[in-house]
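J.: Each chain is listed here by its residues.
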Amino acid sequence: MSQKSLQYEKKEYVKTRTMPGSWYLSSYKYKYNFSHFKPFFEKLKEKKLVGLQCSSCNEVSFPPKLVCGRCLIKPDRWVDIRETAQVATFSITYEKNPQTGETEEKPVVAIRHDGADTMFLGVIDPSTNFHDVYVGMPLKVKWVENPQGNINDIDYYEVINDKAKNMEIRKE
Amino acid sequence: MEKVGIVGYFYVKMKPELDYGRYDLVFETVRGALDSAGLKKKDLTTVISCTNDYYDGRTISNAFCVEPGGAYLVDESKVEMDGPHAVLYALMRILSGNHKLALVWAGSTPSCFPYDSTQLYATDPTWERPTELLNQMVSGGLQMKAYMNKYGIKVEDIAKVAVKNHKNAAKNELANPEAQLPNISINDVLKSDIMSDPVTELMYAQPCDGMAALLLAPEKQALKITENPVWIKGVGWNQETYYLGDRNLHESKAMELASKMAFKSAGITAKDVDVAELFEHFAHEELIFSEAIGFAEKGKGSKLNSEINGDLPINPSGGAIGGNAPCATGLIRMIEAVKQLQGKAQGYQVKDAKIAVASGQVGFCAQNSILYVLEKGGN
Amino acid sequence: MSEKLIIANKGMVRAEFSFWVGRYMDKFYDALEKKKLIGNKCPKCGDVFVPPRKICGKCNVKIALEEEKNWINLPDTGTLKNFTTTFYKVNERGTRKVKKPQIIGLVNIDRSNTAFLNKILNMEPEEVKIGMKLKIDWSEKTKGDPSDINGFVKA
Amino acid sequence: MGRQTCVISAGFSEHASKRSDVSMPEMVSEAIEDCLKKVPGLELKDIDAFVNGNMPAFEGANIPELWMTDWLGARNKPLLRVTTGGTTGGSVAIAGYYTVAAGLPGVDTVLAVAFEQQSQGDTSVGLASVALGEMTAISSLGLPIEKLRRLVSAGAAIGIASYQATNYMRKSKITEEDLARVVVQNRRNAAKNWYTHLKMPNLTIQDVLDTPYISFPLRYGMVCPASDGACAMLFTTEEKAKEWADIPVYVNGVASVANQTAIVGYNAAGAGQLDPSEQLGSQLSADLAFKQAGISFPRKEIDYAEVYAPFPNQELMWVEKLGLFEMNTATAMYKAGVTAVNGELPINSSGGVNSTNAIGASAMERPAEAALQIMGKAGNQVKKAVHTSLGHGWGGIINLITMMVMADEPQRKFR
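Protein chains in written order, with the working numbering: chain A, -6 to 165; chain B, 4 to 382; chain C, 17 to 171; chain D, 2 to 416.
Next comes chain A alone, as it looks inside the complex (with noise of 0.2 Å):
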């Protein structure tokens, strides 16, 4: 790899003192009610998926949001989700290994559950290659064995057959 920066006219200033001054934003707390993650969690210890539905405009919501942004009232309608997902966008970083000092390539995906009318960040299967990852893949979960009822009870989403593949030709 060449280098990083590209050059460019720079012009210098005098460098003048600076004063210190910090953030401490460890003295802060921040206060979450996650009252309406309770169903959820107690599903998903049964290894089912439910999302939370506005009773107004029926938006489907997974994981669960507290407030529906349209209609402004709080979601109270239970439905089930699928277990099968798309792949609603994703993105590579490129991150340092503080030990190694190597450049890792990670994917990020958000994953949009079919049934759901929202998308959250997922985990993708580690043996497939992501790099062949492309919006609207389709995914299925893999449970944990013994779910604690916990976000973490699903493993990952493993890569189902996508019959359509072939026929997709804009697939990149």
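One thing to keep in mind: the hints can contain errors.
Stated by the list, open to error - As a list, the in silico BS3-like pairs of lysine-lysine whose alpha-carbon atoms are at most 27 Å apart: (1) A:Lys4 / D:Lys39; (2) B:Lys267 / D:Lys46; (3) C:Lys97 / B:Lys256; (4) B:Lys170 / B:Lys357; (5) B:Lys303 / B:Lys16; (6) C:Lys97 / A:Lys4; (7) B:Lys303 / C:Lys97; (8) D:Lys46 / B:Lys256; (9) B:Lys267 / D:Lys241; (10) A:Lys3 / D:Lys378; (11) C:Lys51 / A:Lys8; (12) B:Lys157 / C:Lys145; (13) B:Lys170 / B:Lys6; (14) C:Lys60 / B:Lys256.
To be clear, the hints were calculated from the coordinates, so they are not data collected in a lab. This one's a predicted model, so the numbers in the text were calculated from it and none came from an experiment.
Given chain A's structure and the hints, the job is docking chains B, C and D onto it.
T.: Chains B, C and D alone, transformed into the frame defined by chain A:
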């Protein structure tokens, strides 16, 4: 100035620590305001929020509040000052004719952030911040001393204001429970712990959790929504210089200029005012403000009878001493003034209030002040 | 509804900042490092600022950095304009209450027209009087930052 | 109700990666000086009110406008502070417009100022703090910290931009070369503009493609810099504008429609923006602003556009979403030179955000440049006469948008 009406309002009961998540709190407040006017989300055309990135501990603090704050697919913006400044922006949006119903929400939760440190972050970082000397308490101490020395005011006169506000707060069920002290005496105020001499703890508006929301609509729409709206007749806002050493701390230049502007646009004088709700960070600030607005002559603020049944009731709701939720405090003052004009202030109602003023402030010793003139509408 | 599930977490990080002081303050700190106090003067109204500023807020006039006549050497003595005694210490992390109060004064350096905040040292709160003469207590090792001034002591 | 509002001037400070010679207020006063210089006869005392804003968490100073009152020239004047993150500049400009348009007595001339001195702060922590609360909340639900780190890198602006790039590239079938072409145009334009940061007069497409990936499909050479800088805009009423300016620029439409937050969803839940390149908020903002400005065919009526595009794929995306080109044709337009300085519809002749990005100020520099192009005073003035132009801003968690449509003649509002 054309008439703009306040058609709905809501604020959450202030507490030292509220049992809400952040978005929960925003949602409850905004929903409450809409419900108070019997409106729906789709009626909103613009939303102005008022929070502070350093109070929320995050940058772009309004970005995540789009949905609970009712701003989804609505013309949205954020003012990072006091609540009334956000109302000012909403007011300007309505006056321009582009918008028909504006929502303003403001508030923060000091139980989750170091309030005094955030004030330290606001000092001049090239000279004052490294010394870690200046903060709200110190600025209040200097201001009170300057005021007392200039006019020869006794500390009891200032404690009297704190007593009045704590007693009034006891009648206001939405005030901070820690500030609701019905049996407090002047001696209690003077005996409480010294914060920054001569300011004692009970003269200081302790930060607490709270959030408030307000709905504004132009005249025609306001009359459709409610029978007794409250009209915004005038507004003035102003900022004086920053360094305490450059300023005369015994007076409030910013409030003086702001009130001049507000009264001019409303076409009234200070004498016409029936009730005032002022954001006083300290007990003495109420006196300084009432002199700056022109309720009393310079140095005579403590002579004014400002009890609920007095000549000019000031802060019948308990004022900021009765509950100071940063960003929301000024907005709550406006809401309380609206309640007085609508006759809805149960327990602390001022008789026959027709015109009220409400103020907000930002900065050390109220560097930026804003004043509203509100008028009773309908029957 | 079932009972609420509220989660409160602490932020884990700290953001570091370094504020450029600009050339006016840089010159001031250079002098401070040599235990000297300098200020600059508005060419229009003649007000003297310490620490120096680029713009006189009263006249909205730019005070040129390069012109030597705008810069003034000042004594390290001054008059106490106002003071307060505080039991609270606030830093960037939070607030704590202390037993021994700190006296913070607003001191007007002689021949200047502004006042700045600093500590008043070696005095009991009862001794301090507005209008008294004070002088700077320099720190032994100067670094060219605000800590070069330990505070003010009786002149 | 309401009144006609005009821009009569705009000014900038010099932008660089480190403005180490000035403190924050001194940098701001440079921009104000440049702004007032362009209007002979107007002094600071003629200004009735101020509006300002920045992105405070990037600079470590809370409500800094209190401290810089004197440097702004705002002593004993009304002042309002508006901040909305990445769109701060645009929001400040819009607030400046509304302050005049409201017609409050005694408030006629308003100076709007936006600034950012990023070299003072820690941009990565600043950006992470956007969603820090969300991160800690998710972690307490049981997600391990190593997964979270990936979330953080996705939460930053670059991560979101690469999502957009992925989706956009798939839909419009463009290549990385097309992205690089946009970069080259911007940086070469920047070389002709006096205040910009990345001046690269001899940049080629191959130079850009030779740099490594920062986040697929974006490369280091395509990404915006972090700059220090300030921008000021002067708004006034129609009557006063005619007195002071040769060509008063009428602000005919403004909008700032917010969409749902994306990616790291609100309250750690799913996000409703399924396709980050769809940008419903910007489409609605454009509709609203064009409606106010009486523009029915933006493609024909807009002569010049400044869009907020830190990354090249966004520039292509925005010009389509804002209705300046047909969907999926922007690349061809860049190839054909339609968007160049001497083209039919020049875009980002100033060099754009891709070359100069002082975050808080960037979104104001867009309408400021668009206004200056109408006045004929821009740093890199386009060849054709500009009658109608637009300035656009983007920020938040890809959900906040600002739009300002300007013209040399007023759109009268009949009410």
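J.: List in ascending order the numbers of the hints, as given earlier, that are violated by the structure.
T.: Hint check: 5, 6, 13 fail, others pass.
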